[in-house]
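A.B. asks: Going down the list, the sequences are from chains A and B.
The first sequence: position 362 = 362 (our numbering), numbered continuously.
The second sequence: position 370 = 370 (our numbering), numbered continuously.
Note that these hints are calculated values from the structure, not bench results.
Small disclaimer: the values here were computed from a predicted structure and weren't measured.
A few of these clues could be false.
Heads up, simulated EDC-like pairs for lysine to aspartate or glutamate below, C-alpha to C-alpha not over 20 Å straight-line [unchecked claim]: (1) A/LYS238 <-> B/GLU275; (2) B/LYS238 <-> A/ASP6; (3) B/LYS245 <-> B/GLU2; (4) B/LYS238 <-> B/ASP84; (5) B/LYS52 <-> A/ASP6; (6) A/LYS238 <-> A/ASP6; (7) B/LYS245 <-> B/GLU450; (8) B/LYS245 <-> B/GLU273; (9) A/LYS238 <-> B/GLU273; (10) B/LYS52 <-> B/ASP302; (11) A/LYS238 <-> A/GLU275; (12) B/LYS52 <-> B/ASP66.
Protein chains: 2
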Amino acid sequence: MERSADVLVVGAGLAGLTAARELVAASRSVLVLEARDRVGGRVVNMDIGGGKIVEMGGQYAGPTQDRLLALAADLDVATFPTYDSGMNVMHFNGKRGTYAGGGIPRLNPLVLADAVIAQARLESLAKKVPTDAPWSAARAEQWDGQTFESWARRNTLSRTAYQLLALAAEAVFAAEPGDLSLLHVLFYSHSAGSFQNTIATTGGAQQDRFVGGSALVAERLADRLGTEMVKLGAPVSKISVRGDKVIATTAAGQFDGRRIIVTAPPGLAGRIEYEPALPCWREQLTQRAPMGAVIKCQVVYDEPFWRADGLSGQATGDGEGSRVVFDNSPPDGSPGVLLAFVEADEARRLGREAAAHRRAAVLGSLTRYFGAKAASPTDYLELDWQQERWTGGCYGTLFGPNVWTRYGPALTAPVGQIHWAGTETSPLWCGYMDGAVRSGERAAAAVLAELS
Amino acid sequence: MERSADVLVVGAGLAGLTAARELVAASRSVLVLEARDRVGGRVVNMDIGGGKIVEMGGQYAGPTQDRLLALAADLDVATFPTYDSGMNVMHFNGKRGTYAGGGIPRLNPLVLADAVIAQARLESLAKKVPTDAPWSAARAEQWDGQTFESWARRNTLSRTAYQLLALAAEAVFAAEPGDLSLLHVLFYSHSAGSFQNTIATTGGAQQDRFVGGSALVAERLADRLGTEMVKLGAPVSKISVRGDKVIATTAAGQFDGRRIIVTAPPGLAGRIEYEPALPCWREQLTQRAPMGAVIKCQVVYDEPFWRADGLSGQATGDGEGSRVVFDNSPPDGSPGVLLAFVEADEARRLGREAAAHRRAAVLGSLTRYFGAKAASPTDYLELDWQQERWTGGCYGTLFGPNVWTRYGPALTAPVGQIHWAGTETSPLWCGYMDGAVRSGERAAAAVLAELS
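Next up, chain A with everything else stripped away, as it sits in the complex (with noise of 0.2 Å):
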């Protein structure tokens, strides 16, 4: 055995590192394993030079996202709002339109009623699932059975409209409508507060941004805890419980404890081995935890050429390339950046290609929102999320139809001394970075009744 600790942490992102600072509060010893060579998981910084950054993975935060912003503010990590002064561009069916930021965009009026009315409706439904129990609403059954697809091409008349809900479910799930149970979308919104707060910038879910960047959080929380506590490059194969123990086999030897926490996404859980079997119940949620589908660029300009031009940089569209764009230059302005999502359909496809046809693709987007000048950028990064062996996709676990209601509860039940943690556990902010701390919260406290 190379170490033995309290509780052991399958994952050093938000949620593990998260329920190791509670832990350790609590005069608990705690070893974090993490696959990889660094901290935060889905939340990445990248040097873009002149003491400046990019994220590549988990960016923002929002009103009601208490736990990340508690605890972003006790580790001296501020926030700044998200650039949203100007137009916003909509580029749909080959026409380019403007229209004001957070305000309503200019839609032929019958087919933004048609959106508006489908969008009211989701509303209601969300309301009506309960986040810590999505199996246990009136119509669970009815809503699982069918894909938010059936239920968006139901609800609208007009070809735009249903258009403008798939591009909701990109940009929301990196997964399109037809990946999606309906339940899993009304509980995704209400987990959120609402389907608006989603999609919402000033208001919404991507109202702040993270001076210095959403991983100074991770590796801050890592700091504290020290590099004794964590360590990298160990990735977990097996799971063994003997007796009292958990002992966890890793590329860098064995380790045991009384409990252990699991913050890996669900499907990848379910790749490690475990020593008994896990029960099938967990085992075949595993089998039904599918990661999405997203590839993050940043493209960097030398001043954001597009707040001259009275525009937001933030952009949604219809064709190749990215669908949903954001100005997400540092905070002094200096240099301009675009953040260009390429999701869902669009990023199996440009997956697929080489990156300089995938450079083109997004830079045409990008023109088609904000001119020429946008071709031309002094830098450009992406990360393929579904290339990332140690998540299998982001932003996160995306439940297709019959899931929720025949195995919902197995996402957080622990099986004996075994606990699960991680964004998806959560009944708030699920898939969100304020759902991985509340998750972590929760299963340390878990632990500490256990251990007490």
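Since chain A is already given, all that's left is putting chain B on it; use the hints.
C.D. replies: Frame of chain A, contents of chain B only:
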């Protein structure tokens, strides 16, 4: 390195053993690596004494399953017809009725017409799905964006007609209609010739059985290969490609070859570690390939008492326990055996209960169908495939919405020296033993073409 061979095969089920047989016939050296301590995979005999066996996994053969039948004939494994004389039992909504086997259930004529029309529509759509490329159907995206449940609800007027479609889904897929993409159901039906073939006894997929049990096919295949060529107790945890070598790491040492054929279901294949990592389309496919939920129960009586009552032993119903029952007695009719399937939601529910509770539920259902004698068997055997670590569920892989259209080609496309087989990869009789045999033949031919 423990041993080298031209070709490594992962899995000693029908696919792997067939592939090995073809390779050996072409004078290639082969090593089959099997996780379990037996061959057969999803095909397994269980001894019930007196020189008789029952089959706890795949067991039937039917018309057009030519490759399985040819293989069995070559190995001197004979077939005999499934007992299909007398009346079938139906027990729905608290009412028991009987109808002629192969005939038409006695239902309200409007309900019957409703069900018949829905099935005819399904058959018509299924013919439009190319079995070697389901994603290329003209309406593939539309069919793949919805669940079979959505389609079945829209295409039936009566609750009973919907229930009959749901029961068929449970019987054929060990899944609920909401678990399945409509496109998957259409593909699977066409792959078997028709939906009717999948549910029919005489004339369909349940027409014939193997004398001595289906496992004889696997066992004789393995015997001909010899114990040197089939390594039991060797679960493959890692596949590394280094130059022109493929190295398989197992619990029983390392083995190398020039090619490897992985026959595990895609979800389980995704749990093997690959070096270098697989391309993301294959990786994300394996996240979206869950297995069905079935508990197969064999209930043994002194004699097949139902035959004397003019019953075929075939029954369907809607209550607790088993909803699909067959006469599964040996060729000489002694002892009497009822095969009771517990499927989908009922398997998920009863899989969590104590064995005595499950047995009582199954015997309760048999008593509803066949009367009081069914309550007192001489033996009761069951295999919960949900608990089988090296299969992960049965009968096979279920594709939910948007998998075939987004990841379908990755099911069979080799990745360098790594080839994929297993019944899931067969365009014909996918999910059946015949599909497994076909997949082994196809993969062996592809490997031979590369090595020649």
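A.B. asks: Against the structure shown, which of the earlier numbered hints fail to hold, in ascending order?
C.D. replies: Of the numbered hints, 2, 4, 5 and 12 do not hold.
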